[in-house]
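Chemist: Chain by chain, the residues:
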Amino acid sequence: MEKRESLWEAYLKRGLSRRSFLKGCVALTSLMGLSTDMFSKVVEAAENKPLPVVVWIHGHECTGCDESFIRSASPLASDLVLNNIALEYDHLLSAACGAPFEAHLDETITKYNGQYILAVEGAVATKASGVHCMSGGHTFLHLLEKAAKGAAAIIAYGSCAAYGGIQAAAPNPTGSAGISHFVGGKPVVNVPGCPPIPEVMTGVVMHVALFGTIPPLDGDGRPKQFYGNRIHDTCYRRPFFDAGMFAETYDDAGSKAGWCLYKLGCRGPETYNSCGNLRWWQGMSYPIQSGAACIGCSNAHFWDEAPFSARLPQYGKIGDADKIGVGLGVLTAAGVGAHAVASIIQRNSRDNLLESEDEHKN
Amino acid sequence: MALKAVKEVKRKEYYIFSPFLRIFHWIMVGSILILFVTGLLITKPMNVSTTEPFFTITSMDLVRDIHFVTAFIFTASLILRIYGFIINKGDRLFPRVWEGHFYEETVDVALHYMLIRPHHASFLRNPLARMSYAALYAMVAIEILTGFAMYFMTNPSGTGGILFGWVNLVLGGEMMTHYVHHYVAWFIILFAIGHMYMVVRAEFMEGESEVSSMFSGKKILAHTPKDANELD
Numbered sequence: 580m581e582k583r584e585s586l587w588e589a590y591l592k593r594g595l596s597r598r599s600f601l602k603g604c605v606a607l608t609s610l611m612g613l614s615t616d617m618f619s620k621v622v623e624a625a626e627n628k629p630l631p632v633v634v635w636i637h638g639h640e641c642t643g644c645d646e647s648f649i650r651s652a653s654p655l656a657s658d659l660v661l662n663n664i665a666l667e668y669d670h671l672l673s674a675a676c677g678a679p680f681e682a683h684l685d686e687t688i689t690k691y692n693g694q695y696i697l698a699v700e701g702a703v704a705t706k707a708s709g710v711h712c713m714s715g716g717h718t719f720l721h722l723l724e725k726a727a728k729g730a731a732a733i734i735a736y737g738s739c740a741a742y743g744g745i746q747a748a749a750p751n752p753t754g755s756a757g758i759s760h761f762v763g764g765k766p767v768v769n770v771p772g773c774p775p776i777p778e779v780m781t782g783v784v785m786h787v788a789l790f791g792t793i794p795p796l797d798g799d800g801r802p803k804q805f806y807g808n809r810i811h812d813t814c815y816r817r818p819f820f821d822a823g824m825f826a827e828t829y830d831d832a833g834s835k836a837g838w839c840l841y842k843l844g845c846r847g848p849e850t851y852n853s854c855g856n857l858r859w860w861q862g863m864s865y866p867i868q869s870g871a872a873c874i875g876c877s878n879a880h881f882w883d884e885a886p887f888s889a890r891l892p893q894y895g896k897i898g899d900a901d902k903i904g905v906g907l908g909v910l911t912a913a914g915v916g917a918h919a920v921a922s923i924i925q926r927n928s929r930d931n932l933l934e935s936e937d938e939h940k941n
Numbered sequence: 135m136a137l138k139a140v141k142e143v144k145r146k147e148y149y150i151f152s153p154f155l156r157i158f159h160w161i162m163v164g165s166i167l168i169l170f171v172t173g174l175l176i177t178k179p180m181n182v183s184t185t186e187p188f189f190t191i192t193s194m195d196l197v198r199d200i201h202f203v204t205a206f207i208f209t210a211s212l213i214l215r216i217y218g219f220i221i222n223k224g225d226r227l228f229p230r231v232w233e234g235h236f237y238e239e240t241v242d243v244a245l246h247y248m249l250i251r252p253h254h255a256s257f258l259r260n261p262l263a264r265m266s267y268a269a270l271y272a273m274v275a276i277e278i279l280t281g282f283a284m285y286f287m288t289n290p291s292g293t294g295g296i297l298f299g300w301v302n303l304v305l306g307g308e309m310m311t312h313y314v315h316h317y318v319a320w321f322i323i324l325f326a327i328g329h330m331y332m333v334v335r336a337e338f339m340e341g342e343s344e345v346s347s348m349f350s351g352k353k354i355l356a357h358t359p360k361d362a363n364e365l366d
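As they're listed, the protein sequences go chains A and B.
In this text, residue positions in the first sequence follow this note's numbering: the first is 580, and each later residue adds one.
In this text, residue positions in the second sequence follow this note's numbering: the first is 135, and each later residue adds one.
Honestly, the hints are just simulated from the structure, not real lab data.
These figures come from a predicted structure and were not determined experimentally.
Any given hint might turn out to be false.
[Unchecked claim] A few chain A positions that, by computed beta-carbon distances, are all more than 12 Å from chain B: (1) Leu655; (2) Thr687; (3) Ala832.
[To be verified] Okay, derived cross-link-like pairs now, BS3-like style, lysine-lysine, Cα gap no bigger than 27 Å in a straight line: (4) Lys902(A) x Lys178(B); (5) Lys628(A) x Lys765(A); (6) Lys602(A) x Lys803(A); (7) Lys178(B) x Lys835(A); (8) Lys835(A) x Lys728(A); (9) Lys141(B) x Lys896(A); (10) Lys725(A) x Lys690(A); (11) Lys706(A) x Lys628(A); (12) Lys620(A) x Lys592(A).
Built from N, CA and C at the ideal position, the CB exists for glycine as well.
So that you can see chain A by itself, here it is in the shape it has in the complex (with noise of 0.2 Å):
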């Protein structure tokens, strides 16, 4: 590809219309999740940007987003990579592998340096110099470094390559960890879930190719308008919740009606993602509509915080930190109370001594 054409110009390829070009970015304005008073500016990108060449690596994961990003619908994944990025290199979805395919990784690294897109799919493995997870030859640590150097920016995509995912369950063998410190300090486009919503995912790295800027991020690296709400509170169930009717178990009444699912360990009302609103599968359903508590899986640590079907940690035997409070405030007063007998006794033993003192003097 020597000259890069924009999007505009690819649809002139193809002979499609104004008309049909317009409505494209009608709908990448929304799917973006910008305002519509941004649309003359998608427009004025779409015309003159040329399409931004995309690198995809893959790390120590297990290709789920990927999985979810082929089913984006809106724009189509296919779309995307066919006719809106150039994507010139992915473990996944290319036809090309071997040394060649290697070859042009490089190739690609040096033609388009400082102008590239780099999407990171999977953690880190930092143990063993990193040996546990190997990709054409080298470790993924490797191949992470030398595509970050020469990147525009960086997207992460997924729990594990924002936080380090399941594989860093405690106690995390293979030491995996979220690609932030391994890119030079260059700034990173987090993108968790496991996996991201496919609309998010073409959504975010749309945003990068269009302007050429990463999009607003929150103080965790996440894109504002994907991650800038609580699923608890842009949830359907909401109104439950505040009514206090909630599920006690997955077959009971209040189940079947759909009710709050707070109480069987829900984790909307700690997890920032677009479930409530885009939802899945072009906006058909999601966990917590499909009857499921949310699991968090868009949070960093999520995977350590067991059980996922109830509110607190539970440590064996002894139950939760209710019951453990219950226990131990029992204990304190009943220590307390051996303590104020113990105290009156020597009380009464300290005064007799003054007393039998002063009867002496007198």
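Following the hints, put chain B in place on chain A, whose structure we already have.
Modeler: Then chain B, alone, in the frame of chain A:
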């Protein structure tokens, strides 16, 4: 023989607690009780019905509102405490740990509480108790930080979210913030049990107006306290 029930004891009156501290103290007592009970109800909403479908006695919305309003009142009442500290020498925020005699005195008091010594020296401000109050303030600070970190994150871009949102990141996730908030609440209750006992105990051991001082602001002591000069 003199009447055993009537004794003549010379006592001196020391004014130490300003009204601001006393009002703060009783607001804190009420707030902690309300916050603790509503907090437990928020974590585990209590059912009223015994047949399916279950629902709670009061709406979560109401319980949460009570919790939040109380939290705001309690936090605001800290202003009283700090104002009292500024205008009145008797009010003291933290123990004077930088003074060497503080530690000897703490050991002295601790040995008495362990029933090894029959007395401890008389103090206006019992050093061991003061240490426990510093611990309480630390726990209250944790509760305020974690509480507002959860409360304001309904709008992470708002002022409150910017002021307190970092707590969630420092603790490694908002679920951890919930855990810390919940666990520290229990420790505050354990402190309260111990505190109530120690105050009442001081009253029946020494009879030196430990309980009434938090109403009147005065301690009426038979012995001259070691730290009497600190009021000048």
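Chemist: All hints are to be evaluated individually against the structure, with a verdict given for each.
Modeler: Going down the list of hints, with the structure as the test:
no., hint, verdict
1, Leu655, "31 Å, holds"
2, Thr687, "34 Å, holds"
3, Ala832, "4 Å, violated"
4, Lys902(A) x Lys178(B), "12 Å, holds"
5, Lys628(A) x Lys765(A), "23 Å, holds"
6, Lys602(A) x Lys803(A), "25 Å, holds"
7, Lys178(B) x Lys835(A), "21 Å, holds"
8, Lys835(A) x Lys728(A), "53 Å, violated"
9, Lys141(B) x Lys896(A), "56 Å, violated"
10, Lys725(A) x Lys690(A), "14 Å, holds"
11, Lys706(A) x Lys628(A), "41 Å, violated"
12, Lys620(A) x Lys592(A), "22 Å, holds"
Violated hints, listed in ascending order, are 3, 8, 9 and 11; each of the other numbered hints is respected by the structure.
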